Structure formats: structure tokens, C-alpha cells
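Trainee: Next come the chains, spelled out residue by residue.
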Amino acid sequence: MDLLFNILLWVVYAISLYFSVFLVLVYFDNHNLFKKERSSLNPKEEPLVTIIVPAYNEQKTILKTLKSIENIDYPKENLEVFVIDDGSKDKTKEIITDYIKNKSQFRLISHKNMGKAASMNKALSKAKGEFFACLDADSFVDPQTLKKMLSQYYNEDNPNLAIITPAMKVDTPKNLLQKVQWLEYLVIILVARITSQLDSLYVAPGPFSLYRTSIIKKLGGFDPTNITEDQEIAYRVQKHNYQIKQCFDGYVHTTAPKKLKPFYKQRRRWYLGSIKCVNQYKSMIANKKYGDFGLMQMIKNVAGYLLAIAGITFAFYLIFLPALNWLKNLIMIKFNVFPYLSSWKLNLNLLNLLLIDFRKSSLIVFIFIIGFFLFYQAHRNANEKMTKAGFIPLIPYFAFYYLLKGIILLLSLFEFARGKKLKW
Amino acid sequence: MVAKKQSIKTERKNEKIKEDSETQESTFRKISKDKYVVAGIITLLIFSLGITLGFIIEDYRYNLIEEVNMNQDINYLSLQMQYLFLTSFSNLDNCPMISATLKAAVTDLEESLSKVIAYEEEQEVSEIRRELVMRRYALDNLRYWLLAVESKQKCNLDIVPIIYFYSTKCPSCPNQGTVLTFFKNKFGERVLVFPINTELKQQEPMIEIIMSQFDIEKLPTTIVNNKKYEGVVGQDQLQEIICSHLNNAAECQ
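Taken in sequence, the protein lines are chains A and B.
Under this note's numbering, the first residue of the first sequence carries the number 1, and numbering increases by one thereafter.
Under this note's numbering, the first residue of the second sequence carries the number 425, and numbering increases by one thereafter.
Just so you know, the hints here were simulated from the structure itself, not pulled from any lab data.
Quick caveat, the model's predicted, so the values are computed rather than measured.
C-beta atoms are modelled at their ideal positions from N, C-alpha and C, and glycine is treated no differently.
Mixed in with the good hints, there may be bad ones.
Using 20 Å as the maximum straight-line C-alpha spacing, the simulated DMTMM-like pairs for lysine to aspartate or glutamate come out as follows [what the hints assert, rightly or not]:
#1 A:K300 / B:D458
#2 B:K459 / A:E45
#3 B:K457 / A:D199
#4 B:K454 / A:D199
#5 A:K328 / B:D660
#6 B:K457 / A:D29
#7 A:K334 / B:E664
#8 A:K289 / B:E664
#9 B:K610 / B:E623
#10 B:K454 / A:E80
#11 B:K454 / A:D29
#12 A:K288 / B:D458
#13 B:K454 / A:E156
Going by beta-carbon spacing under 8 Å, a handful of chain B positions derived as facing chain A [said to hold, decoys possible]:
#14 F452
#15 K454
#16 N499
#17 A528
#18 R614
Only chain A is shown next, with the shape it has when bound in the complex:
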């Protein structure tokens, strides 16, 4: 059992190290491009663009979302905005109606609650734009983002380019949980930029992904049965050999959950959705036909689940159980730690240092160095300073956050295995 545990630990190290090294390699391969690349603000053409805003009980943020659309740097007559009230029970509908009065480019679609994907399909059937974007009603788009994305469409000049994804940032993080997510999203922007170079993006985030209308219509729109339709559409696009690219500086600001419970709910939906997508599109796993997407990304996604399971198991045996015993010990001595402190001397002799398991710790150090390197580059990539959110969020980010995410992923895997259905 001990041997098996150790072998498994080494395998997990090896796999994590391999994936991180690969990511860094691709980064260095595109280092110069990443340094110089700037999105153009002058697209060759300015075609009609449809923006779809699905809203369900979003009275707090919808106004800010609509204002951000109003402020988009683009000719108003070439914008067509469908604001969907998906049977909201709060004041969302009133706020929308009030706001879009006398604004010809805005149109309200109101119906009984039918889910986000179905709502978007309804709007999509009416959309006349050559391109369309979705903007979740809790997100706010930068004025320049649309022009940047359109420029990219014309620069790439590939009729099979189906989706351009945004660079998502957390909108004005206030508490610790939001600040930690702020850091996480920055890293995601860089990782997505690297992934984009390999044509391996597998999510088209709900906030302001810009789609080529003809292709999405041809593929049948969004899947209303999927709980994360933004992942499903990306997998489907990949499956049909259309291209997805990231607009690395096309910023969108999204509202991140402030409390642990909504955070848990959001993540559970994401993870469960992604597990279902991987399961649905498992024919692409290790499929040479799909190039790097099949051989690297799909395998990495599956390995990610296994690594999370293994990681949590290790954390349980190496951290949780010893911590429990520690607590029991403290209770035994009635928390009277004073005698320990008084006789505790710092005997840092050579033998003490040598007791550290060098082989295991050197690998952990390496993985940590790579992680920190990407973390640092992620901040430069997104034009942010590391200290913007202060130093405090760095501690939970590096110490607990991945453990927390791992636990939620593990719970989602259990749920998936049990075959429970989850609704929006």
C-alpha cells in the first residue's frame, strides 16, 4: 500500500511536470509574438454585428451591462442588440424596457423562462449580423473590444474561424474570494493565449465571445440540454474542424461570486458541464485527426480530473490526517504548549537539513517555479501589477485555492458518476 502510494505520487508529479513544461515551451516558442502583438483598432470592414444579452434575474447588474454596450466604440447603425428577459421574477424586465426607450439598436425579447441556451437560439434565429456576440448580463465589455475582435477576424482571413474569445477579468474585486479569482482569471487569460496558439481552446466564455453567425447556425446553435452551453459549443466547433482564437487584449469584466456558496454553485456547474462535454466528445481524445487539440488538450482535460482526484487523496493523507492527529495531541496536553516553546531551540544542524526528502521536494520546487513564472507572466500579459490586489490574496491563491477547486471538481465527478441531472 505504501509502495503503491509512493508510485502514484511520482506518476502525478511526472504528469503535472510534463504538462507545465509543455505549456512553458509553447510560451517561449511564441515569446516574441506575445511581447509585440497588439490588437488593431481599425477593422477592414464594419459589418452588422448582433449582440445577445440573456438575462434572468439580473436586476443588480443589467443596467451596467447595457451601458457598456451603449459605450462600445462602433457605429450604432451597425449594431443590433437583443436583450432577452428570460422570464425574470425581479425587476430586470422593467429596467430593460426603461433603458432601451428611444434606442433603435436595442430590442427586447421577453418570454417565459426557458433557459439560457434556448433563449439565445431564439435570438440567433432573428439575428441578421454577420457576427454575433453574447454578453452575460453580469458582465461589462470594454469599448474597444469589438473592434479588436473584428480586426482579428479580418487579419486571420480564415472563413473557418468560428469564434473569437475574450480576455476575461474580474470586475472590481472587493473581498478576498473575488481577489483570488481576479488572480486566477489573469492566469487563465495567459493560458488561453498559449492554448490559442495550438488551436486548442475549449471554452467560448459567456461574456462577449464573438461568433461567425453562419457557422454557428450551420452547427445548429446552442445546445439547450447542456448546463454549460459555452463549453459545449466550443467542443462542437472543434469537432467540426472550425477554428477558435483568443483576442488576448479584448477585455471583458465579469462579476465574480463574492461568497463561498454561490462560488461553489458556479464552479460545480462549470466542472460538471466540462465533465459532460469531455464525455460527450470523447471520440476526440487522443485522436490524431484533431492535431494538438486531440493529442494534448483533450488528454490534458481528462488527466486534469485524474490529477485532481489523486491530489485530493494525497492532501487527505499528507495534510488532513496529520493535522487531525496534531489537534488531538493539542487536546491531550490541554493546549499548554508553553513547555515546548521554552525548550525549543533552533538546532539547524546538517542532519536536520538532510532529513528533508530531497527528491520529492526538488520536483515540488520545480513545479512551483514554473507555476510562479506563468503567474508573473500572466500579470504582464494582462497589463496588471502583481500588487494591485495586495499581497494577501497571493497566500490563499497558492496555498488553498487549488485544493478548494479540486474538492469541488471531485464532488462534481461524484455527481457525474451518480448520473444526477443538474439544471441551470
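Add chain B to chain A, keeping to what the hints say.
Mentor: Below, chain B alone, put in the same frame as chain A:
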């Protein structure tokens, strides 16, 4: 309802077939084979670098452990000599001397050898080597205990020798260990704890002998001044026991 569901299912199936027929040949897919290989090589390099450094350090470790063992032997010989000298000439003036040496030796045993033990348990060294080191540690503990008991009588030393029987498989043993460490820290060199791992009784007859001498059945068992206490002895109880054997300890008031 069921029929409706089924119709949706077949509809979706049809759609899937339609979608598949629409799948086009890729125009942009590539396989970054070179990067897969280079990433593999770098991973391997990092691995082997770690392992090589590990081996170099291992070598240093063995040398250090040898040193610790030799040191322990010499210390014991010196102590034994002092004791012999004491008994042969019944020269009571040597008592403070022997007391000091004994205490220093026990502390040293605790500090250095227990670290060796921790190391041997941690590393996947050969079973035989580990067993030998553990037996040695147990024997060292026993002979110091014997010396402690004898010299306590002879010199009327103000010390409390405690033997503590445990096993790595016993769930509450770490707690007893913590309580004993607590008192070792609290009373300093006046409380001498000698831990004996009972799992070694098959290999080391001396452990078997001492276990039957005290009639050990339960774990953990603590023996203070030849009196047996079975199960986990709590903080308060142990404080009382230790204090009953010590003269005028400030910590007991």
C-alpha cells in the same frame, strides 16, 4: 411524456448524423510533435537531476549516521566505565558526575538517534538495515534505562525514569507520546523517557524479556519507577505520578 422524450432523442440523433456529414477536413490542425518530445526530455532531465542530487545527499547522510552511531557507542562506554568505577570504589563523590553524564547521554540519544530513526522510517531503505537500526535504538534505550535505575538507587538521584511501550500501529500511541514529550520538556533532564517499539519483539529477544517482565498486554503502557500504567495516561494523572517521585520540584507546586 416518454414518447416526447424519445422523439427528442431520435431528433437529436438525426441531427448528430447530419452534423457529422457536415464535418469538414481540417485546414489548420497541426501536431507539435517536437514540443511533445522536448517537453518529455526536459521532464526527464528535471527528474534525473533531482534523483542524482538525492543520491549524492544520500551518501552524506550515511556517513553522518555512522558518525552518530559511533558517538553513541563511545558515550555509552564512557558512562559504563564511570558506573563501574563508582561501584568498585563506592566513592560517592562521583555521583554528581555520573548524573550529569547520564542526563547528557540520554538527551543526546533522544536528539540524534531518534532523528536517524525518523530518517530510516521515512526513506525506503532496505528492510534489514532499517530493522538493525531500530533494534539498536531499542537496545540503547534499554541499557540507558537500566543504568538510570541503578544509578538512581546508588546515588539517590532526583530523576524519574519512564519506559514507554508503543507500536506504530496503535492509534492512541502518538497522543501518549505527545503527553510524555510535554513532561520531558516541562521537567527537563529530571524526567527520562525511554520509548520501546514493541513491534521489534520478534527480532530482539531483549524486548520480549522486558515485556514479559512487566507483563505488557496493552498498548500504550507506561512504566514509571517499576509501576505499570496501562492505556493512555492523561496529563493530570501523569503530572501527579511524576511529582510523587520527585523531591521539591518547582513545577509540581
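Trainee: Next step is simple, just say for each hint if it's right about the structure.
Mentor: Against the structure, the hints come out as follows:
no. : hint            : verdict
1   : A:K300 / B:D458 : 17 Å, holds
2   : B:K459 / A:E45  : 37 Å, violated
3   : B:K457 / A:D199 : 15 Å, holds
4   : B:K454 / A:D199 : 9 Å, holds
5   : A:K328 / B:D660 : 16 Å, holds
6   : B:K457 / A:D29  : 14 Å, holds
7   : A:K334 / B:E664 : 16 Å, holds
8   : A:K289 / B:E664 : 77 Å, violated
9   : B:K610 / B:E623 : 29 Å, violated
10  : B:K454 / A:E80  : 37 Å, violated
11  : B:K454 / A:D29  : 15 Å, holds
12  : A:K288 / B:D458 : 15 Å, holds
13  : B:K454 / A:E156 : 17 Å, holds
14  : F452            : 6 Å, holds
15  : K454            : 5 Å, holds
16  : N499            : 16 Å, violated
17  : A528            : 15 Å, violated
18  : R614            : 13 Å, violated
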